[in-house]
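Based on the sequences and whatever the hints tell you, model everything.
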Amino acid sequence: MASIARKRQREILENKTEIPPTTEDVANVAEPSKGELSTLKKDEYEHDSSDEEDVKNTIGNVPLKWYDEYDHIGYDVQGEKITKPQKGDEIDEFLQKNDNPNYWRTVIDPHTGKPVVLTDEDITLVKNFVEGRFTEPGVDPFPPSIDFFTYEKMIHPVTNHPDQKRSFIPSRLEMKKVGQFVDALKSGRMKMSEPEKDSDEELDEKLPTFYQLWSNEGESSATRRYRQFIPAPKNHLPGHAESYNPPPEYLFDEQEKQEWKAKEPSERRLPFIPKSHSSLREVCGYPRFVNDVFRRCLDLYLLPRQVKMRPNIRAEDLLPKLPQPRDLQPFPTTQAMVYEGHTGPVLCISVEPSGHRLVSGSADNSLRFWDVASGRCLGIVKFSHAVKDVAWNPNAAVSCIAAAVNNEVLVVETNLVYETENEMLHLEAEEDSESSGNSLPVTWTLVKSGSEYENGIRLKITHPKVVHTVVWHKKGDYFAVVMKEAESMPVFIHQLSKRKSQNPLKKPKDPVQTVMFHPTKPYFFVATQRYVKQYDLMKQELMKKLLTNCQWVSSVDIHPGGENLILGSYDKRFCWFDLALSAKPYKMLKHHQKAIRQVCYHKTYPLFASASDDGTVIICHGMVYNDFALNPLIVPVKILRGHKVCDGIGVLDCEFHPKQPWIFSSGADCTVRLFY
Amino acid sequence: MVNRKRKNESGAATAFISRGKAIKILQLSLQDFRRLCILKGIYPQEPKHLKKVGKGSSEPKTYYFLKDIQFLKSEPIIEKFRDYKVFVRKLNTAVAKKEPGTARRLRRSRPVFELAHIIRERYPTLVDAVRDLDDCLTMCFLFACMPKNQKIHTEQIQFCRRLTLEFMKYLISIRGLRKVFYAIQGIYYEAEVLGQTVTWVVPHKVAYEHPTDVDYRIMSTFVEFYCQLLGFINFSLYTKIEARYPPELTLEVPSEIQVESLAIKDEIYEESANKDKWKAEQESVERLQSLFEGLRFFIGREVDCESMVFHIRSCGGEVSWDNIVHEDAPYDADDKRITHHIVDRKQIEQSFSRYYIQPQWVADCINARRLLPVKDYFPGAVLPPHLSPFVNESDGDYVPPDKKRLMGEEVGSVVGDKQEEISEDKAENKDKKKKEEKNEEEVPKMSVVAGAVECIDAGKKRKKEEDEVTRLREMAIPKKQKRLYSKLKYRQKKTTQEAKKLEEKRQKYELGEKKRKQAPKKIA
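From first to last, the protein sequence lines stand for chains C and P.
For the first sequence, position 251 matches number 251 in the working numbering, and the numbering has no gaps at all.
For the second sequence, position 353 matches number 353 in the working numbering, and the numbering has no gaps at all.
No lab work stands behind these hints, which were simulated from the structure alone.
Watch out, some of these pointers could steer you wrong.
Claimed, not checked - In silico DSS-like cross-links for lysine-lysine, where the CA-CA straight-line distance does not exceed 30 angstroms:
1. P:K508 x P:K403
2. P:K500 x C:K263
3. P:K508 x C:K594
This one's a predicted model, so the numbers in the text were calculated from it and none came from an experiment.
Below, the structure written as structure tokens:
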């Protein structure tokens, strides 16, 4: 406050400069008030003189400190310097303070630098100012108010103005405005503000009112949304384990508890460990309840929904309706005989057309003849290499077999067995020269004497590559051989009577796996790795190409009727082709666990079999009807087990008995088995 | 020139829309969009080919049908959302400017969300609405017993409580309760409303903490909708039974009955072809509806009064409780006519004129649909296991022996188990005695034992053959059905394994129990 007061004083002082001091000398000013008054009365125009002012300050409105270095302050009219008023030192100041009674009211004029003694009036003014009073003495701050307009009604008007016209006719603007409001209220754009209510009433107001929402259900289709709404699936309902007092078997034992704890929370079937409470009061709150409800909320609005058809079917109903196997008898069911003697895996077997004898070729470089009924080994023929394939001549009159050993096909006379001799096998070929003229890489050699002759070998046909398969034509004169490794000319058809060879395929694209003669017509089937091609031997052309859908065909057999064909592959597949129907399999089975090695039809009974590396032979009933409208009926009837699996190889070959519903099979366990 | 068909201009690319784009189209915030989806029941879709929908990118996004979003676009409630946003802004300004008058005026004109049209649209008929009542009831019952929270207002809680009480009251008046199950999570109920089965859970009445990992805003939105839904359903149901809505409820006292007209019968069932089955079911339901008729219950202080009153009254019983728990108890604890006193403590001063039973008896009776013998449920007794009424065992599933016993009793072979057991025990004892006698008599002598003939088990052999036949038939299953078959077989195998495991556990337990029972006898 004090600082503010001081400031104000300074302002006053600055204003004060305009009032010229009456005397120049400070000492002369003895009686300030009276003297001043007297001077005012003496010379009332003294102030008007501009000369005097000039004399006092000629430097203009500039700070005095600019003249601090000089002895003068400005110049007078004559150009003389106006000397500064003498400024005493500290001692003078002190003396002045003590001696001069007016010292306290002396201030320095900032314009002229001269001391000015304040009058009594000035002092009062300053005092009033500092104390917050009116500066002028005698001012009444609250004068009594005199009302211009009285509350009493006067007989005369205050003004003489006549009233305006608009003050007594209704306002059109207001009318328009009211009209707008009324319109808004009527149309519902505006609502009357409701009167304020008590807090209780307001609470009641907040509760929504319900009404009959579904009163007219007939109109429901109108409000239906555009798309069928999928309702959310219902929540899981609790089982016995979730009871507060479950049956004792639902409580976890130690091991189950640990399993439960080791699992991730999402994998657990129950979200908690079942616990038995002896009474209801012991049940404590379930801490995850809110979380569960929240989860459900999230599921409801965040999860996509889909209608999934759950199969409402029992597993048993999916099993195809097939006739009972016992109604489809006869078929081989039990193992009857084991033909033991080979020391290596038995690679191939062949049954004599009459069904009394059996020949088997093995990896122990030998060929064995067996008596079917007794299981006795009738004879052994030894070679230098493994016997890859053996086939008994289907013509009973020419009792011989063809065996594939290394790159030779040996025709062995079976007099060992029957004590008969075939003239055909002993005759020299007449057209030998012709056949050589064909320039095929095949040589026929007639064995006439020596140890081989003793063994029964009559003919030798040498091939450029290892022979894998030998197949006889039904008549027993022709037989075909396959060399899987040969890139060109993999197949030869040999004619036994004429000692002649033919090469039906020059250079096939796929490596040939096996070949087959049609049982009744002059057709020839060639199975490559992926396809089976049917050739017409008379017309020398491709008839049909069967798409097997297999990766590697292992074996093929043709139904005695000639209209159906079965095929086994190394990729576990078994296909049945109906040649009249389509080039695609009529039926595909994957009933073996491992690669299928051999498939075969029975000559008279409606049976076929497949031998596999899983050590089983599966017998199926395959009925072919004469009526073309009926599809073949295929029913698996028996799984024959008996062969052991050695080094991942099970059954290598199988063949039906030509007359009986029996089957022979040979395996890697060096045995040949008979099932009936 | 032929218009070239460009990529991503038709098909899946245009049928779906990602959530971000949907929000942009609707000009809403994510929160409001979420709210809108919840209220309108719009859920995302899972496109079959993510890459086609994503226009080349297979980034996993949330997709909606464009048509769904267009459907949302015309929703009048979106305008309300915007109004509300404006209202909040104005209110905040008024509060910040310290203008209480303006704030009060604004508060009074707060925009209100009308959900009736949405409910009508989502559920075209009352039956549709009742069908979707499960979640609604669970949420409302949960909120009714929740403590107040920053996100959950008292009004909402009280409103939920009122609606749930109304619903319970309705169920009591039509006697619609069918099943009760005390689970660890809470009490599960099943009721039949307008021929629809409604199932819900009510949490146990104990204090629990508010979990923090839950977004209460989402739950609150759901409850907002469900409250409206339940209110409208309640109104319709009350009008159906010609009762006044809203009923007079005192919020403190659990559901009181003022049956104005009893259960309505659905005519749909009358026409159903399977008449015998329906008849049997109807009879059992009627039995349940009048299960506690003529019985007078009294509920001890320690038992949850509300749920118990609900159980008993929905089966036609009379019930009273302690005046300390709630006011307006119909009769006193000393009433001579009380037949059953429900207690849940070990010891109590017992009067001879009534049965003292544990609460489980009530639930078990309702589930069995007949009055069970009380002797297993006396205070302090070891209770029989409480079985879930929601399990329908199919072939091969494990059926607990307790359930078998219950079902057997129901069929009619009501033979005292104890008697049987005793007789069995006696027989066993006799056998044992005989054996002992024999052992004493037998003296080892040199003898030749005749070799037993190895008899082939014909049944086993037949089974083996049958198995082989099935294996052969399995081979012939077409490839199309093979996978399904193996799946079904796998499931079958699993259930049998589980059943076997449970059975073994039960046997083990029973053996242990037998031993424990016998042990003290020997000592004695």
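Do the hints match the structure? See the list:
1. P:K508 x P:K403: Holds. P:K508 to P:K403 sits at ~18 angstroms (cutoff 30 angstroms).
2. P:K500 x C:K263: Distance of about 23 angstroms is within 30 angstroms: holds.
3. P:K508 x C:K594: Not OK: P:K508 and C:K594 at ~43 angstroms, beyond 30 angstroms, violated.
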